[in-house]
Amino acid sequence: AQTVTQSQPEMSVQEAETVTLSCTYDTSESDYYLFWYKQPPSRQMILVIRQEAYKQQNATENRFSVNFQKAAKSFSLKISDSQLGDAAMYFCAYRRTGTASKLTFGTGTRLQVTL
Amino acid sequence: GAVVSQHPSRVICKSGTSVKIECRSLDFQATTMFWYRQFPKKSLMLMATSNEGSKATYEQGVEKDKFLINHASLTLSTLTVTSAHPEDSSFYICSAPSPTGGYGYTFGSGTRLTVV
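Chains A and X are the protein sequences, given in the same order. To get the numbering used here, take the position in the first sequence, counting from 1, and add 65. To get the numbering used here, take the position in the second sequence, counting from 1, and add 16.
Honestly, the hints are just simulated from the structure, not real lab data. Take these hints with a grain of salt, some might be off.
Stated by the list, open to error - Which bits of chain X does chain A cover? Going by a derived footprint, with three or more residues having C-beta under 8 Å, they are:
#, stretch
1, 19-25
2, 30-41
3, 54-60
4, 119-125
Where is the CB? At the ideal position from N, CA and C, for every residue including glycine.
Assemble the whole structure, with the sequences as input and the hints as a guide.
This is how it looks when you write it as structure tokens:
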């Protein structure tokens with residue numbers, strides 16, 4: 066079974082600084098997808114960034130980028146120029162390929178952004 | 017973009033009663049709907065997967081008779097918590113494969129259930 070591990074229950078970053086959230090996963094599949102989701106206090110799940118395992122190039126979305134290390138099964142999220150609105154729970158998630166495969170979530174990292 | 021509308025957003029019910037949560041896909045057909053449960057400050061745990069026209073697939077440890085899932089049409093999936101007890105109090109979220117993303121998902125806004 067696939068598992069997703071986030072070893073940092075809480076992280077804190079100063080506004081305008083950079084922070085990296087860690088995620089590791091376990092799978093025997095060679096092709097799959099990885100995601101980072103943000104859950105603000107409203108609890109609406111918001112997609113931050115996603116990565117296809119077959120792509121070597123790390124995904125980037127504005128201030129958000131990932132460091133995808135397939136051999137190490139690591140998928141960290143870097144947030145640059147942190148903003149107060151980035152404060153939220155962040156979940157790393159995995160899904161297999163195939164139609165309508167389920168998402169497996171990590172335990173989450175609560176990010177605080179301070180002035 | 018694709019939207020999954022989830023209702024109610026909050027519900028309080030008495031112990032022993034049943035409550036139904038609805039998730040509707042707007043402007044797209046959701047043949048599959050995933051139902052998650054989230055405890056305070058915890059992760060999302062998949063409860064079951066519903067498929068239109070067939071029985072739901074439940075994850076290990078989830079009581080099928082307590083959490084009834086019905087996928088009556090291509091745009092509606094429901095979760096009914098039967099004979100609710102205080103330990104069923106939680107945040108429930110539905111999610112459907114996005115019709116546009118190929119491998120993305122669209123999430124409902126969640127339902128906070130409190131059983132008193």
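Cross-check of the supplied hints:
Check on the stretch 19-25 of chain X: 0 of its residues sit with their Cβ under 8 Å from a Cβ of chain A, so the three-residue criterion for coverage is violated. Counting residues of the stretch 30-41 of chain X whose beta-carbon sits less than 8 Å from any beta-carbon of chain A gives 0, not enough to reach three: the coverage restraint is violated. For the stretch 54-60 of chain X, the stated coverage by chain A is satisfied: 5 residues place a CB nearer than 8 Å to a CB of that chain, which reaches the threshold of 3. Interface restraint, the stretch 119-125 of chain X with chain A: holds (5 residues with C-beta to C-beta distance below 8 Å; minimum three).
The structure fails to meet hints 1 and 2 from the earlier list, while all remaining hints are met.
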